[in-house]
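Protein chains in written order, with our numbering: chain A, 890 to 1192; chain L, 890 to 1192; chain Z, 890 to 1192; chain E, 890 to 1192.
These are calculated hints, taken from the structure and not from any lab test. There could be a bad hint or two in this list.
[What the hints assert, rightly or not] Straight line, CA to CA, 20 Å or less: simulated SDA-like cross-link-like pairs of lysine to any residue:
#1 A/Lys1110 / A/Asp1151
#2 A/Lys1189 / L/Thr1007
#3 L/Lys1189 / A/Ala1021
#4 L/Lys1059 / L/Thr966
4 protein chains.
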Amino acid sequence: MTIHTFEPSIYWNTFGSHPPVLRIADGDTVITRTIDAWGLDAAGKQVNTGSNPETGPFYIEDAQPGDTLVVHIDSLTPNRDFGHTRSALAPNVVVPWSARDLPPNTKIEWQIDRGANTATPGDPVSGFARRAYPLKPMLGCLGVAPDDGQAISTSTSGNFGGNMDYRGFKPGVTVSFPVFAPGALFFLGDGHALQGDGEIIGTGIETTFDVQFTVHLLKGKRVHGPRGENDESIFTVGNARPLEEALQHATTEMYGWLQDADAYHLDPTSASVLMGMCVEYEIGNVFDPAYTVVCKLAKKELR
Amino acid sequence: MTIHTFEPSIYWNTFGSHPPVLRIADGDTVITRTIDAWGLDAAGKQVNTGSNPETGPFYIEDAQPGDTLVVHIDSLTPNRDFGHTRSALAPNVVVPWSARDLPPNTKIEWQIDRGANTATPGDPVSGFARRAYPLKPMLGCLGVAPDDGQAISTSTSGNFGGNMDYRGFKPGVTVSFPVFAPGALFFLGDGHALQGDGEIIGTGIETTFDVQFTVHLLKGKRVHGPRGENDESIFTVGNARPLEEALQHATTEMYGWLQDADAYHLDPTSASVLMGMCVEYEIGNVFDPAYTVVCKLAKKELR
Amino acid sequence: MTIHTFEPSIYWNTFGSHPPVLRIADGDTVITRTIDAWGLDAAGKQVNTGSNPETGPFYIEDAQPGDTLVVHIDSLTPNRDFGHTRSALAPNVVVPWSARDLPPNTKIEWQIDRGANTATPGDPVSGFARRAYPLKPMLGCLGVAPDDGQAISTSTSGNFGGNMDYRGFKPGVTVSFPVFAPGALFFLGDGHALQGDGEIIGTGIETTFDVQFTVHLLKGKRVHGPRGENDESIFTVGNARPLEEALQHATTEMYGWLQDADAYHLDPTSASVLMGMCVEYEIGNVFDPAYTVVCKLAKKELR
Amino acid sequence: MTIHTFEPSIYWNTFGSHPPVLRIADGDTVITRTIDAWGLDAAGKQVNTGSNPETGPFYIEDAQPGDTLVVHIDSLTPNRDFGHTRSALAPNVVVPWSARDLPPNTKIEWQIDRGANTATPGDPVSGFARRAYPLKPMLGCLGVAPDDGQAISTSTSGNFGGNMDYRGFKPGVTVSFPVFAPGALFFLGDGHALQGDGEIIGTGIETTFDVQFTVHLLKGKRVHGPRGENDESIFTVGNARPLEEALQHATTEMYGWLQDADAYHLDPTSASVLMGMCVEYEIGNVFDPAYTVVCKLAKKELR
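Given the sequences, and given the hints that come with them, work out the whole structure.
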């Protein structure tokens, strides 16, 4: 149950079996930092030129393929006074015939007021859209080394997690990942001070965070993709394109979870009916190369 | 501001320019009934053999193509003691390789306790899935006659509304539709006592309702598809396949609404940024021939 | 085996159960005309203002729901000296980020040289794209009245046929349709003097045709969507969105055809393997509300 | 213009920046071998346990990011007397409701007669599907190291090529790839003795090949994905999911190629019109994680 403080100096632009920056054990807590999606650190200095540079990887002792890594996000604290967003809806979230009517896609600077816990956009945002928005910090990216020795761009996601851009990855959530490589090799990055469903302008408010997280290892327990829980709900995460396939992954994994003899142990019909009556879907992103759909069940439906 | 009580005797299996059953005026209220998706009425009698038979159409005086029809759902009251669901996840909501592992797709009978406001499934549902679920009545179908003189099956939906199976179409919601035909010709049906997001077992708890609704007419105001509001939010509705296209329709319509000089009057960049930070998506159905995605904005974000 | 000559005076903008213009019998031949997609006739006169106005419907005596209507396209002969296309790729056939770079979408006039059997585009087409293209006449639309009493816009397609925009609907082809309404009610229109796969500029060379076709009726023989054959191949047609679903419909129907005891009578494994080794796909359109994918097998693979 | 003979002893299961097995120069020819998709070599010995093990990578001297690598497939010669296919249509190529009716998905052994140039399936294939099929050898996989230092599974494809399973990758074709890594790092594997469009049973006839290929380097010439030509046509290749996005990539790249001042130099309208009238699409695969669509233009249309 060690608490590690780790100051990153290198960052990765792929999720892969890279040399660990720190070795930690089941139950350990890590206090560290993330830089922003464009490679700027807390001081505004360009320290990486790729997309979504990641802090890590953290090697979890004893983690082996076939295990499950559980990560609890203890806290996400914005640690600088500015962030950036894009300024235009992505052309793939409007009907194709409207794509040419979108505004110029520039970079907008936001002032972050850490005392008030708000962010306010600068020019050219105007009208009531130019106001102080309450912060809702979340991690755009978190995940482990993928299977088959792959190294996959931090622009996308898959069964290993990755760039899921789901606003539910916020303080208090617990996220589980399949372990594909020895040590699991956990990465995190791409902090958003605020983001709507779908990441439909292609960014949240991209900024830097102080992060604290705690890991647990489930030996011999296998999941097929990211899943998680918070105080109210359990959820499964599908990362794929098109959107329907992301939903299929999330739905199939929830359906399996409900039938799992070590979990909810419903028969297939009962799991189907419960899901048909109670399931909720959330859209993480519809912008990245793989989209993210979340299938949720309120815990009150599970007893 | 007349209150009409209308007892239906015929039902339609297409949304089309059929002979009106009642002529009503801007501001009028109608008290009527819907039969269930399989054509059974409140007494359990088979009164129509098609899919999603509709009550209506109601002719709204003065409504002309280019106007907008606004319908407020005043109340939806289950009026019998049973309903039905299907028993298996639809094969299109799980990954294709899992489709063959789905359970048999039979019809499950539910007991509706109108005093307790709950419904309980019968055999073969078991475990904690077999319990009393609180009712959340909603209309699966509501809409108007489509454009171009079309008559479109009540199994599907489009810019005219239709079989959207969105759980947000519940008492207290206001829904607007484009008017394509003289009189608008409003239809409603397919009541669900309860349904999760997506209608992923292909049904809600299909049952019959006493319904009260009130109509308003916006002359010369044009919308491009269904939209609505409730106490907390405004929303737009996209009906299309695949899921991404339904999302595109809803997103494009919200983007236009925010820029509408008679509504929120934001410039394109400000509308984009507001949506990027605050939008929420809900999935109505991923089962019907056209899927339904809802794009929502909380009213507190709009001032 | 009567040969009917029919001069149309009204045209339909939906496929539906409209009053027949002519009653014909199994084995009969019809000589008639089609106007172009914008409602201009052979003289260039605007005779209908909707999209894809259809000639018909032709009532086939004895045709009943559950039968199959077989239509042989005997000849398609351009009968005027001009046609039109659009000028720009449709925004949905390029990657969304490129949609704003498409050229203006204007109407281009083409000169049709009936002696040389070619068409040549006018301004602003230039370079080697401005030349005489050999004509390959095809029907964009052909189909029957849909099921459930629907009336469906001639802009789209389905299991009843419709606006499929498949270049294989040319002289010499035989096309079969399910019969959903008494008399089948066959429609045709939307002649293209030339079109590439996909109809990716949203039009072929839209022009008017003299048409001759011959019908046959298969009593009690049921197909689930359009299918056909020509000298070299048999094929099935899937009309749906997205493209993968159109392919699924076509593939499923071919798979059934190969197993049909009255046709090829293969077992499921043998049908799968034959298709896996020999099937060819063609894309009819990726422009209309429903896309069209064709699954073909060369006749030489079928013996 | 050296001819290298290279006997592989290791194989890769990702496309990535792995140590080169051979360094070759612009204009060189390589004679080598591929093992089959399941890791069996020409002698039937299991020499790799992953999916689609690749021969290579070949380092092309002077190739740098931003260049284009051109590979001509000189010959593909089956070098053993057996191959394998799967036995069932993939569940994603039929409508979801039919997926449960597919036959068992077993492995079928095929006898390859190299003298007669045919292959014949064994049990349980029966009827006219059990016959000698003429061989049409093709490479399922060919590609280069991806960008951003990624290592991507040989089960999928992208702008670097990969597991495209397109029957047009046969002797006589020339294929160009963007260079992302120093030396380009060319890989090849996954030979199919025969395959239909779409690879709809998830395999071709998987077997081993003697391969001869010749490389050329285009310095400073940039393409955005695989493209190619054969005697009759030029073509572009889109690798993505869903199918429509693969088509969008291929279409966008062809549209750019036609406008390229060093190539066909058409203006946007003329490129659009030419494509609208003449383009052909082929489906490589609809089975792998990324689907493959090919956009073709006959060379006779380009002068």
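Going through the hints against the structure:
The suggested pairing of A/Lys1110 with A/Asp1151 holds, with an alpha-carbon distance near 10 Å, which does not exceed 20 Å. Only pairs whose Cα atoms come within 20 Å are accepted, and A/Lys1189 paired with L/Thr1007 is accepted, the gap being roughly 15 Å. A hinted pair counts as satisfied when its Cα atoms are at most 20 Å apart, and L/Lys1189 with A/Ala1021 qualifies at roughly 13 Å. A threshold of 20 Å between alpha carbons decides the hint, and for L/Lys1059 with L/Thr966 the separation of about 10 Å falls inside it, so the pair holds.
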